[in-house]
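K.L.:
Protein sequences appear in the order of chains A and B. The opening position of the first sequence corresponds to residue 108 in the numbering used here, with each subsequent residue numbered one higher. The opening position of the second sequence corresponds to residue 116 in the numbering used here, with each subsequent residue numbered one higher.
If you are wondering where the hints come from, they were derived from the structure by calculation, not from laboratory data.
Calculated cross-link-like contacts (lysine to aspartate or glutamate; reagent style EDC-like; alpha-carbon spacing at most 20 Å):
no., chain 1, residue 1, chain 2, residue 2
1, A, 117, A, 158
2, A, 330, B, 159
3, B, 127, B, 144
4, A, 117, A, 184
5, B, 181, A, 268
6, A, 330, A, 341
7, A, 260, B, 176
8, B, 119, B, 134
9, A, 116, A, 158
10, A, 309, A, 325
11, B, 181, A, 269
12, A, 309, A, 296
The following label-pair restraints were derived from C-beta to C-beta distances:
no., chain 1, residue 1, chain 2, residue 2, range
13, B, 119, A, 150, 41 to 51 Å
14, A, 187, B, 120, 55 to 65 Å
15, B, 140, A, 314, 46 to 56 Å
16, A, 330, B, 174, 22 to 32 Å
17, B, 151, A, 225, 22 to 32 Å
18, B, 160, A, 115, 49 to 59 Å
19, A, 247, B, 251, 53 to 63 Å
20, B, 206, A, 133, 53 to 63 Å
Note that the coordinates shown come from a computational prediction; the quantities given were computed from them, not determined experimentally. Cβ atoms here follow ideal geometry from the backbone N, Cα and C, with glycine treated the same way.
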Amino acid sequence: MVNLTIDGKKYQAEEGQNVLEVALENGIEIPHLCYHENLSPYGGCRLCLVEVTRNGRAFLTTSCTYPCLDGIIVKTDTPEVLRARRLVLELLMPLAPEAPQLQALARQMEIEEPRFKTDEEADDCIRCGLCVRACTELVGAQAITFSGRGYRKTVEPPFGEEALDCIGCGTCVFLCPTGCIQMVDKSAERTIARWQRTLPLKACSSCGRYYIPFAQIEFARQKSREAPAEDWFDLCPDCR
Amino acid sequence: MEVKEIERIMEKYDADRTDVLGMLMDIQEKERYLPREALRHLSEKLSVPLTRLYNMATFYEALSLKPLGRHQIHVCMGTACHVRGAARILDKLESSLSIKPGEVTPDLNFGLKTVNCVGACALGPVVQVNGEYHGNMSALKVERMLKRYSEADKEKTE
Ligand code: FES
Ligand code: FES
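Between the sequences and the hints, there should be enough to build the whole structure, so can you do that?
P.N.:
Here it is as structure tokens:
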């Protein structure tokens, strides 16, 4: 166990925990867009900036990637922190001007009109990498990746073509903070347009609802150590 | 690119997937780009996800998914070269070759790219061709340099 101070209060944390995790557990709000407790920290959105004082030195850092160390003092709402976060959000907004989650944050931070513009048309992606990490670490399909670097970085399937390894599970759709990955189920087909992928769906044998891509069933069977019963996927979760 | 050739490169690294960047660079050197089949083959044989290889291929400046020119010209646009007139050199190359940075001539002879500082600032403006440095460049020297490379090619084919 390590002892640290956040906003003047003392907390205990387990070794290896990051500052953001501990803050959130204790009800201290720090905005964050690229952090997810079940994924490796990435430090990509820079919104979770806090001020850390260690050995008498204070600096700004991302709380999602900073480990809890004995004796550190964390401040989450100094004027410097708030100003830095504001700037970060202003830089993110032009990338996804329509995203409700960013707009809500902008209202909180009282940003009316972000100062910046993008050269190219926004593709609504803020490069937070949640989809890439989820697809790689959680799902294991590894169908999408970052491509390029710097301001040219994007997320795409290999060669920018159909994501042939995508199983249509929709985890990326669910996690995307801007909603830029859309998934549409139309009768017996599921389409994730951003990954140029369309997959046939299996129907529930009881209620008839098309509920899961065959590719996902196949993938689950291959990955699971104990094979699910033959007829496990015949019924949808509601009918099971 | 022939499968045999890819296999040979893999062997050189004992098919150790931690050396995959080395393999990619060897393929790049041989083919002047990374053919898709080569990436697919490596991915399959080394059990490295294709997304991982694609990520590397687009990340590193030394790797390219499109064929580069036989003579790959890097024009330095770094600060030192910039103040010594790199823009004029680039202009000259663009008009002589009728291509923009990032493009290759239709005969694949020349490719043009801009880079930021090649570490030879005292020689600025610097142009690098196939790894050779050409310092103190001027429009006239660009002309001569291009001619020299084209003529060397002709000699080789004759
Ligand atoms: S949540 Fe920490 S940088 Fe995005
Ligand atoms: S700026 Fe061109 S070599 Fe350094």
